[in-house]
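Student: Each chain is listed here by its residues.
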Amino acid sequence: MRRGYYGWDEAELPKAALAARRARLQSAMARENLDGLVIYTNIARPAAVSWLIGFTPYWSEGLLFAPPAGELDFATALSKRVAEWMRAVTPVGELTTTPKPAEYFAKRLKASGARRLGVLDLDMLPSVQAAELLETAPGLALVDATALFAAERAKRDDAERGLFAHAAVIARDALALIDSSPERGANTLAGAIEKSARDARAEDVNITIAPDLGRGVGFARVDRAGETGASFAIRASIAYKSTWVRRTRSLSTNAAIAARFATLEAALDALIARNDPAADIGPQAAAAIARVPGARLDRWLLEECRGSYPLEAVAGGDLGDAPAGACAVLTAHATIDGVNWVATRPI
Amino acid sequence: MNASALHNARSAILREEMARADIDALLVYGNNWHADSLRYATDFGIQEGQALALVGRDGTTTLLLDDAGEAERAKLETACDVVFAPKLIEAAKSMLGRAGNRRVAAAPWRLMPYGLTREAKDLRISDGAALIEHLLMAKRDFELDAARRAAKLADEGYKVFRDAAVPGAKDYELIAAIEAFFRVHKVPENFMIIGVGGVEVRGMAPPVGKIVKAGDLVTTELTPCVDGYYAQVCRTLVAGKASDVQLKSFAVYQEALDAGLAVVKSGVKASDIAKAENDVFRKYGLGDYVTSEYTRVRGHGIGLFPDQRPQILEDVALPVVGDSTIIVHPNTYHPDAGYMVLGDTIVVRENGHESLGSLSRELFQVAY
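Which chain is which? The protein sequence lines are W and G, in order. Position one of the first sequence corresponds to residue 1 (our numbering), numbered consecutively onward. Position one of the second sequence corresponds to residue 1 (our numbering), numbered consecutively onward.
Isolated chain W (complex conformation) (with noise of 0.2 Å):
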């Protein structure tokens, strides 16, 4: 909710990237025999309609509609009064502002005579703009695109991988700030970790704390974490033009289990510099924490972009396992000489 820095620049997402992207989603929906495909975004699931469109709406709500070919359409409940600043962020697409935008949509897919509308994520689709389509466009058939979409998805292009390190440095360089003095407590790190990523013109960003290490590793959001302990984490989840990246740290006023945490961390760095993006993540992460004398890994959960989502846990746990390929968020879980330490990294 909280939308900060916003902006369009033709070097890091070039149109062409963005036309590129809108084809191969249009030859994937014609292997389906679609009609259309519509995707539905808001401020918790933005991630597919900036992927197309470089737009993520920082209130209300909207539709992407892709047609079979040319341009996309974008329909949005905004006002009207702030067209202005969505064309100057948004480089594509022809953009509207409805009250309705399925309503809309329904009405041309009426017109046009379209039988089969692929959606994105078509179950968690909100009801309202289900029924309206339905209602105006009696017979069409709603069809689940979510892993069409995926499979267009899951390939990376230089664009995102340029936004996402950029994302990666703003968070890295801010949760740097926390190496002089983490005795200045968890709230007060919090906000210079805020105010060093919206400098850097950061989207967004959330921050949660882990207060006591040495009682377990739950986060919490500042006003319900409570005093930290001697040794505590802070993650920051920070968005850069829609795109989101993660980071941990583990911090200790104690020196000793400080420099304890700082080789973790080293560790960390070093797997993440070797990862083999052909093989699964889990055994690779348990060696590296393994090297460090007394670590041992606990758990890990490994996130990427797959569709709505900015970042959706994919490996871990009950997820199992997979490799990380590029643009992944992986979080390690692990204990050394008996404290709680966990950290995540950007790859």
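Simulated from the structure, these hints should not be mistaken for lab results. Here the structure is a predicted model, which means the values were calculated and not measured. Hints should not be assumed to be uniformly reliable.
Listed next, the in silico PhoX-like pairs over lysine-lysine satisfying Cα-Cα at most 25 Å (straight line) [what the hints assert, rightly or not]:
no. : chain 1 : residue 1 : chain 2 : residue 2
1   : W       : Lys15     : W       : Lys110
2   : G       : Lys87     : W       : Lys155
3   : W       : Lys80     : G       : Lys152
4   : G       : Lys186    : G       : Lys241
5   : G       : Lys265    : W       : Lys15
6   : G       : Lys121    : G       : Lys170
7   : G       : Lys159    : G       : Lys186
8   : G       : Lys210    : W       : Lys80
Starting from the structure of chain W, add chain G where the hints point.
Tutor: Chain G in isolation, oriented as in the chain W frame:
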């Protein structure tokens, strides 16, 4: 009242409402945009992903979250039975199936996932707006206490914003300053947008890198959240000394806000408040600028969601209810000065209103 006691009090009210309506369970949906029903029922302030929760009449609550980190956080921050459910609809159907042959109210219905509503009959779910919406509007004293704390932080935050709004500052740096202030003061959420410039500025939006120049108007609405409750303050400042035109233009907004506040009392229609504000603009020949071409709303409800019903508009006949919190803000474009904002969060009372904030309603002038 601490957060846990606040939730327990809300939970007791919800159980009473469910019993009165003869509803066996309440299914709530939430995400970071629309989280009010979810927050009321579970006390979880969702940040990422989506959530569904089932609240039984006995108060037991199962919270399904499809984000792994959020599920871990909910275990620490709530008393719910928390489940990480990457396949949210599957998990919800299973949860409803285990609930058995019961009457389940679901809210907010318009955002409830299609994967559930298309099987509403089989799942025995129906629109639960009547059960919970009035609870979200009229606030109890313990809820107003949280709103008061939010309003106080909004006022304090505006001073930080004002200090940062000097010529040469970039719009996103102002956001950085205020968000840092809020995190330090344990405010996890804040909604804000900003406008920087002169007569060319028609509204507020997220920052795009504009640099504050001497004489610019800088507008913002700050909306910090305390224990789930939002309070909003809208103010306009001038980077430097205000011109006579800016001062004269702003006086219309001051008069309009006073006029709107003067008619607020329990039961008055939203349209009456809007009309009182808009009549001031019309009196000065500015009637065109109170239409949807230039302004979204003349205020709105606020609480566990920053933009609750009713919207304060001349075509909205809904009454404002006693003990609800609303913001009255005659924000719009002025052809002589540009986009200006002014508004405060208030509590609707039987014979008037109570202001939650205490920030001066002047056109601020930032010395540099």
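Student: Tell me if the straight-line CA distance from G:Lys87 to W:Lys155 falls inside 25 Å.
Tutor: 23 Å, holds
Student: Take the C-alpha atoms of W:Lys80 and G:Lys152, compute the straight-line distance between them, and say whether it is at most 25 Å.
Tutor: 32 Å, violated
Student: Under the criterion that the straight-line Cα-Cα distance not exceed 25 Å, is the pair G:Lys121, G:Lys170 satisfied?
Tutor: 54 Å, violated
Student: Has the given pair, G:Lys159 with G:Lys186, been kept, meaning a C-alpha gap of at most 25 Å?
Tutor: The hint holds at about 17 Å.
Student: Straight-line Cα separation of G:Lys210 and W:Lys80 no greater than 25 Å?
Tutor: Between G:Lys210 and W:Lys80 the Cα gap is close to 21 Å, so the pair holds against 25 Å.
Student: For the pair supplied as a hint, G:Lys265 and W:Lys15, is the alpha-carbon distance within the 25 Å limit?
Tutor: Between G:Lys265 and W:Lys15 the Cα gap is close to 53 Å, so the pair fails against 25 Å, i.e. violated.
Student: G:Lys186 and G:Lys241: Cα distance at most 25 Å?
Tutor: 34 Å, violated
Student: Between W:Lys15 and W:Lys110, does the CA-CA distance stay at or below 25 Å?
Tutor: Roughly 30 Å separates the two Cα atoms, so the pair is violated.
In the structure shown, a violation is registered for the earlier hints numbered 1, 3, 4, 5, 6, in ascending order.
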